[in-house]
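Chemist: Counting the sequence shown from 1 gives a position; my numbering is that position plus 9.
Misleading hints may appear alongside valid ones.
Below, simulated SDA-like cross-link-like pairs (lysine to any residue); rule was C-alpha separation at most 20 Å, straight line [to be verified]: (1) Lys25 with Gln13; (2) Lys25 with Leu14; (3) Lys25 with Asp15; (4) Lys25 with Tyr35; (5) Lys25 with Arg36; (6) Lys25 with Met37.
It is worth saying that the hints were derived from the structure and are not from the lab.
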Amino acid sequence: MGSQLDDSLESVLEAKVNENTSDIEYRMAN
């Protein structure tokens with residue numbers, strides 16, 4: 010159960026990081 014929670018938290022974190030990365034790349038391109 011604990012590892013399942015960790016997995017979902019990890020995927021949420023990863024999604025946030027990807028969001029921020031693409032946002033930064035978008036700003037640098039313009």
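Chemist: Is the straight-line distance between the alpha-carbon of lysine 25 and that of methionine 37 20 Å or less?
Modeler: OK: lysine 25 and methionine 37 at ~18 Å, within 20 Å.
Chemist: Mind checking the alpha carbons of lysine 25 and tyrosine 35 for me, to see if they're no more than 20 Å apart?
Modeler: Cα-Cα ~15 Å, so holds.
Chemist: For lysine 25 and aspartate 15, compute the direct alpha-carbon distance and say whether it is at most 20 Å.
Modeler: holds, 15 Å
Chemist: Assess, step by step, whether the Cα of lysine 25 is no farther than 20 Å from the Cα of leucine 14, and give holds or violated.
Modeler: Within the cut-off at roughly 17 Å; holds.
Chemist: For lysine 25 and arginine 36, compute the direct alpha-carbon distance and say whether it is at most 20 Å.
Modeler: holds, 17 Å
Chemist: Do the alpha carbons of lysine 25 and glutamine 13 lie within 20 Å of each other, as the hint requires?
Modeler: Holds: lysine 25 and glutamine 13 sit about 19 Å apart, inside 20 Å.
In the structure shown, no violation is registered for any of the earlier numbered hints.
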